[in-house]
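Q: Given next are the chains, with one letter for each unit.
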Amino acid sequence: MTTDARRTVPPASSLRGGAGRGRAAAPSGPDDLDPTRPTGSDSPRSDKRRRGDGFWPWLFVAPLVLGVVVFYLWPIVQTAWISLTETGPFGGSTFSGIVNYLTLFADPQLYLSLVNTIIYTLIVLLGVPISVYLASLLNLPGLRFASLYRVLFFLPYVAMPTAVAMVWRIIFNGDYGMLNYLLSLVGIQGPYWISTPGFSIVAVAIVGLWSSLGFSLIVLSAGLKNIPPELYEAADLDGASRWRQFRSITVPLLSPTIFFVTIVTVISSFQLFDLLYAILGSSNPVLPRSMSLVYFFYREGFVNNDKGFAAAIAMVIFLIIGLVTVLQFRFQRKWVKGD
Amino acid sequence: MTEAIPVRAMSRRRRQRRRGGSHVVAHIVLGVGGLIMAFPFIWQIIMSLSTTAEVQSVPPTLWPAELQWDNYVRVFERLPFLDQLQTSVLITVIRTVAQILFCTLAGYAFARMRFRGRAILLALVLSILMVPSQVYLLSQYQIVQGLGLLDSLGGLVLPGLFSAFGTYLMRTAFLAMPVELEEAARLDGANPFTIFWRIMLPLAKPTISVLAITTALWSWNELLWPLVVTTFSEHMPLSAGLATLIGDRTTDFPLVMAASLLAMAPILILFILLQRRVINGLASSGLK
Numbered sequence: 010m011t012t013d014a015r016r017t018v019p020p021a022s023s024l025r026g027g028a029g030r031g032r033a034a035a036p037s038g039p040d041d042l043d044p045t046r047p048t049g050s051d052s053p054r055s056d057k058r059r060r061g062d063g064f065w066p067w068l069f070v071a072p073l074v075l076g077v078v079v080f081y082l083w084p085i086v087q088t089a090w091i092s093l094t095e096t097g098p099f100g101g102s103t104f105s106g107i108v109n110y111l112t113l114f115a116d117p118q119l120y121l122s123l124v125n126t127i128i129y130t131l132i133v134l135l136g137v138p139i140s141v142y143l144a145s146l147l148n149l150p151g152l153r154f155a156s157l158y159r160v161l162f163f164l165p166y167v168a169m170p171t172a173v174a175m176v177w178r179i180i181f182n183g184d185y186g187m188l189n190y191l192l193s194l195v196g197i198q199g200p201y202w203i204s205t206p207g208f209s210i211v212a213v214a215i216v217g218l219w220s221s222l223g224f225s226l227i228v229l230s231a232g233l234k235n236i237p238p239e240l241y242e243a244a245d246l247d248g249a250s251r252w253r254q255f256r257s258i259t260v261p262l263l264s265p266t267i268f269f270v271t272i273v274t275v276i277s278s279f280q281l282f283d284l285l286y287a288i289l290g291s292s293n294p295v296l297p298r299s300m301s302l303v304y305f306f307y308r309e310g311f312v313n314n315d316k317g318f319a320a321a322i323a324m325v326i327f328l329i330i331g332l333v334t335v336l337q338f339r340f341q342r343k344w345v346k347g348d
Numbered sequence: 008m009t010e011a012i013p014v015r016a017m018s019r020r021r022r023q024r025r026r027g028g029s030h031v032v033a034h035i036v037l038g039v040g041g042l043i044m045a046f047p048f049i050w051q052i053i054m055s056l057s058t059t060a061e062v063q064s065v066p067p068t069l070w071p072a073e074l075q076w077d078n079y080v081r082v083f084e085r086l087p088f089l090d091q092l093q094t095s096v097l098i099t100v101i102r103t104v105a106q107i108l109f110c111t112l113a114g115y116a117f118a119r120m121r122f123r124g125r126a127i128l129l130a131l132v133l134s135i136l137m138v139p140s141q142v143y144l145l146s147q148y149q150i151v152q153g154l155g156l157l158d159s160l161g162g163l164v165l166p167g168l169f170s171a172f173g174t175y176l177m178r179t180a181f182l183a184m185p186v187e188l189e190e191a192a193r194l195d196g197a198n199p200f201t202i203f204w205r206i207m208l209p210l211a212k213p214t215i216s217v218l219a220i221t222t223a224l225w226s227w228n229e230l231l232w233p234l235v236v237t238t239f240s241e242h243m244p245l246s247a248g249l250a251t252l253i254g255d256r257t258t259d260f261p262l263v264m265a266a267s268l269l270a271m272a273p274i275l276i277l278f279i280l281l282q283r284r285v286i287n288g289l290a291s292s293g294l295k
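Here the protein sequences line up with chains A and B, keeping their order.
Position 264 of the first sequence, counted from 1, bears residue number 273 in my numbering, the numbering being contiguous throughout.
Position 173 of the second sequence, counted from 1, bears residue number 180 in my numbering, the numbering being contiguous throughout.
It is possible that part of the hints are untrue.
Now the stretches of chain B that chain A is said to cover, found in silico as 3 or more residues with beta-carbon under 8 Å [unchecked claim]: (1) 58-68; (2) 104-118; (3) 164-174; (4) 206-219.
Here are a few chain B residues that sit away from chain A, every Cβ distance over 12 Å (derived from the structure) [unchecked claim]: (5) ALA72; (6) TRP76; (7) TYR79; (8) GLN93; (9) GLY124; (10) ARG125; (11) LEU188; (12) GLU229; (13) PHE239; (14) GLU241; (15) LEU269; (16) ARG283.
It is worth saying that the hints were derived from the structure and are not from the lab.
The beta-carbon is built from N, C-alpha and C at its ideal position, and this holds for glycine as well.
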């Protein structure tokens, strides 16, 4: 989640955007499909309407469209261009072709960051089956305190990532952290989570799982409400067990929502930054070995001030997310039922 | 399952009660899960009231010997907390108001008005939803730098005034509304702005509140952009200000815990007050 968006919401928005784009590609909106509606500007039937709208639509869309063009669309083009330039020592930049990309693909840091991002994503994805199970429990008929549980699970999702990261830093502390204390009770000597490469990304992923679970849970339980209760009643009459009902009714009918949640989780996990930055800190010695792709981008662009190289990383992130999304939609056909 | 009772003979209510009987397992799973979710917050409250020695003790002190309320006072003395709080509030309010204004206007026009190039403009706006934020970040930074707005409220607020997601959300809401109301108003001679302002906007209130809540949430918590456009901690919002505490003052854990809790408090309180609306809004906007 844009991260931030967070996470919050931005991550999810990318996907909704996907849906939106599809819509826009079609002759936008169902009203456009009305064959009786005149489309030519010279059509006499459209005169009244057109005179009615006149310059108004332009007034309505102008502020937003201007803002989007200046602050989003133009910057996308600009970044693609910057990625083909080299930043000089005094800030000027010169065209350098694909040099940045060649340097980037030869840089082991790219692959380390990519692997870390993938490890993080895989761990956070464990939250999807967990939230499917939890959502099916939350939607049991007549369950008490359901809204209390909902709030508890959703709380980490709305909490500020940098603020919750502070307490997790202490929980993960190697000497006096709660986690290692609990592990020591069962005879395990816990590692220095935050300062050991390998363990640090796992620690961050545990927090990522904790904070994203609520969103999946809420979306999935909304999806569950759309499953007709008669199906469960019929299954009850046939003597099907709870587990059998879960496998044969809940999972198949919920699969489009599960798919949605999976995509949102992957897209937002690939944009991991906030939690990693706040948990590991900017001066952690293991940082180079624990970086995510976006952290790598941030460090090159804004700490090392190599804008061209950072732009190339941004374009690679863009391509990877695009590729993963396409692959998931391909894969979707294999297992999503009733979409 | 109680196989002994002939299932067919049971009334619906009895069957539900029978299902309710095994809710014990659900309560155990959800209860333990909920406790794990809440634990970091509870732990943070406890540590914010402890001494540094208690935070670092082994085994962990579950309850401080004496509650150190003083930690909360020190947040205001030692950190530019009020400056950062003010910045966070301003960023959030300005962005939320701007997004509501720009996105409802544009969303309405894209849903209900006819004009040349509408489909192309809409496709352009929505296409940015497919692009991860890093792709425009560098260039947004250069624009803000070029305008001389680094380290200023203007720079912090700028790109977030406009939202493609918000436009999409509002357009969907307006598309679902009955056309008859507008036609009647038009026959009465109302101009498009009056129709929008007096008739359509009030009808869109539920969706506007979803937009407001998501924008406020995202704006309050955002880290990367503030980190990039501000250098001095007094100019930062709380999200970035807290992140700067990681390096130098890590030994003063209770202070950092108190500051974190204070920084999260406004949005958490807002969420708890509006939880039903937030949860339903996010759930439905995720499914549409």
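Q: Hint by hint, say whether it matches the structure.
A: Results for each hint:
no., hint, in the structure
1, 58-68, "holds (count 6)"
2, 104-118, "holds (count 9)"
3, 164-174, "holds (count 7)"
4, 206-219, "violated (count 0)"
5, ALA72, "16 Å, holds"
6, TRP76, "19 Å, holds"
7, TYR79, "14 Å, holds"
8, GLN93, "16 Å, holds"
9, GLY124, "10 Å, violated"
10, ARG125, "7 Å, violated"
11, LEU188, "15 Å, holds"
12, GLU229, "6 Å, violated"
13, PHE239, "15 Å, holds"
14, GLU241, "17 Å, holds"
15, LEU269, "9 Å, violated"
16, ARG283, "7 Å, violated"
Taken one by one, the earlier hints fail for this structure at numbers 4, 9, 10, 12, 15 and 16, listed in ascending order.
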